[in-house]
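Chains H and Z, in that order, are what the protein sequence lines are. Read in the UniProt record's numbering, the first sequence has 37 at position 37, and its numbers run on one by one without any break. Read in the UniProt record's numbering, the second sequence has 197 at position 197, and its numbers run on one by one without any break.
Calculated from the structure, these hints are not laboratory results. C-beta atoms are modelled at their ideal positions from N, C-alpha and C, and glycine is treated no differently. Be aware that one or more of the hints could be misleading.
To list a few chain H residues with every Cβ distance to chain Z over 10 Å, as calculated [to be verified]:
| # | residue |
| --- | --- |
| 1 | M1 |
| 2 | L172 |
| 3 | D204 |
| 4 | F212 |
| 5 | Q224 |
| 6 | Y266 |
Computed cross-link-like contacts, DSSO-like style, restricted to lysine-lysine with a CA-CA straight-line distance of at most 30 Å [as the list claims (entries may be wrong)]:
| # | chain 1 | residue 1 | chain 2 | residue 2 |
| --- | --- | --- | --- | --- |
| 7 | H | K270 | Z | K103 |
| 8 | H | K91 | Z | K97 |
| 9 | H | K174 | Z | K103 |
| 10 | H | K271 | H | K174 |
| 11 | Z | K268 | H | K271 |
Partial list, computed: chain Z residues near chain H (C-beta under 7 Å) [said to hold, decoys possible]:
| # | residue |
| --- | --- |
| 12 | N55 |
| 13 | V68 |
| 14 | H71 |
| 15 | K75 |
| 16 | N85 |
| 17 | Y87 |
| 18 | L98 |
| 19 | V99 |
| 20 | M270 |
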Amino acid sequence: MLRLLNLELQKLLLNRTSKVLIFISFVLPFTVLILSSIKINFFGFFTLELGELGIFNFPIIWHITTFFASQFKFFFAIVVVSMIGNEYSNKTLKQNLIDGLSKKEFILSKFYTIVFFSLIATLLIALASFFIGLYYSSYTEAAIIVRETSFLLAYFVKLIGFFSLCLFFGMLVKRSAFALAFLFILYILEWIVFGIISWQANMDLAGKIQNFFPLKSMYNLIDQPFQRVMMTKFPEKGDLMYDYAVHWYEIFIVLGWTAIFIFLSYRLLKKRDL
Amino acid sequence: MEPILTINNLTKKFGFLTAVNDLSFTINKGNVYGILGPNGSGKSTTLGIVLNVVNKTSGNFKWFNGTVDTHDALKKVGAIIERPNFYPYMTAAQNLKLVCKIKGVDYAKIDEKLEVVNLLDRKDHKFSTYSLGMKQRLAIASALLNDPEILILDEPTNGLDPQGIHQIRQIIKEIANQGTTILLASHLLDEVEKVCSHVVVLRKGVKLYSGRVDEMISSHGFFELKCDKQEHLLEYLKSNPDFGTIKVENDLITAFLNEPMDAVTFNKLMFEKGMVLSHLVKRKESLEEQFLQLTDKL
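Use the sequences and the hints to build the structure in full.
Quick look at the structure:
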């Protein structure tokens, strides 16, 4: 396993483009997080301090940071599709196989890399949130801090699921740009199917079915936190209530998709003549 | 003899096209093999199948004694297919390091093999800056990294300039002299003739011949003759059942033998018949002539 990870890391880290993209995908959410946590003084007119809003309180901070950090996953998605696209365009995939890598090992080396980077991203977000939380949060009891750390697990699973989808699209179309276009098409397709079902049956059923679609199920892992922030401000408004927690079945669906995407990528490579 | 690669009834179809048709042959240790065939005769497809990049339609093949998986067996094989494929953004040394990681070879081999192909001074230059000849030499270095039991080369001199071709041939010869088994696919016949002891001839995916180069067609060779009494000579040759086809080009007569006969006997015979030859050469068909004869038969 380490051998395969090591192999892929060499391919990625010696390539300037992917190195820059990896750097951005880690550093950008960080910078945004840190910038948002400091007090910004707008030329003496007013000061903006997001910390005052209570969004950096434990346990809500886990929800907020993982939600915003996951918006930056697109940068690493580019890395994932290009690491497949490059192997095809340089024909190094063929050479790797001739040199004695099996097709299974090839897919696994990509998958391990995805897991590895998702893990690092999760750890970094966990550390950053933890320290910002310690600084701003009104409550720092251990029991409150560890509450809702399930969002970290959700973030980790969400990244693995999304990058596996990218890996599959990369294997399917062999070209990075087309693979990214496919992501967009899938997004539209999910909404079209949602529309058709709610037109033919009803909205409620359509919503339930849509929760099983790949992109929607990944999105569902970490629900938007805005409503929750509002809830803390206006606790008396009952109609703001919604279910934002991370559920085991949500994680299960995404892990299911991950397994399907990795397996399909492998099948695709196995069937293909290079 | 110890078999390295055994192919049995291998078939590959691309849709309606049959690229390889019921092909069987064995590669034994220590010989230098050539796979001959015109473009599109299934050479590269056959190599692709045994190298795990093309899926077979039917039949089977086994590496060594057949106890290891294909991808593990390939770790003991060195192969270059058509064009050298490396990561353009990595240096030569980094590319070879990657191959070492795949094959599980010690990094110390990198410099040693770069030395063999004369690229040691360029080892820290990016692959994308290399000329085609250098790329091809790097590919050979990469194929040699694991001191392979068999080296597979598919059109190794394709697209190279004369110096490049010469360098590659020189390297191949040196490797062959060290006793490494080589399988060379090419449509350049003089290339195969110079280095190979055995050939497999393919045409449209069908095997026409496999065996030693010098036994490729059951021919007894031919005489090239010149004589001042050309008419007499021709008349005699046509009446003698030992000779088959007779060709005349200007004053040069080429007479193909049906039965074995050496030049001394023939010369004596001519002298007895009162014909004095001004030119007598006994030759065997060159690989090119043999190859054309074989492939034209069908």
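Now the hints, each set against the structure:
1. M1: Consistent with the label, M1(H) stays out of reach of chain Z, its closest Cβ about 13 Å off (over 10 Å).
2. L172: Given a closest Cβ separation of 18 Å, the condition holds.
3. D204: holds (47 Å)
4. F212: F212(H) is indeed farther than 10 Å from all Cβ atoms of chain Z, at 33 Å.
5. Q224: holds (40 Å)
6. Y266: Given that every Cβ of chain Z is farther than 10 Å from that of Y266(H), nearest at about 14 Å, it holds.
7. K270(H) x K103(Z): Holds - the C-alpha atoms of K103(Z) and K270(H) are around 20 Å apart, at most 30 Å.
8. K91(H) x K97(Z): holds (18 Å)
9. K174(H) x K103(Z): Between K174(H) and K103(Z) the Cα gap is close to 25 Å, so the pair holds against 30 Å.
10. K271(H) x K174(H): Since the Cα atoms of K271(H) and K174(H) sit roughly 14 Å apart, the hinted pair holds (cutoff 30 Å).
11. K268(Z) x K271(H): violated (67 Å)
12. N55: holds (6 Å)
13. V68: violated (11 Å)
14. H71: holds (4 Å)
15. K75: The hint holds - K75(Z) has a Cβ within 7 Å of chain H, the shortest such distance being about 4 Å.
16. N85: holds (4 Å)
17. Y87: Holds: closest Cβ of chain H sits about 6 Å from Y87(Z), inside 7 Å.
18. L98: Since chain H brings a Cβ to about 6 Å from L98(Z), closer than 7 Å, the hint holds.
19. V99: holds (5 Å)
20. M270: violated (57 Å)
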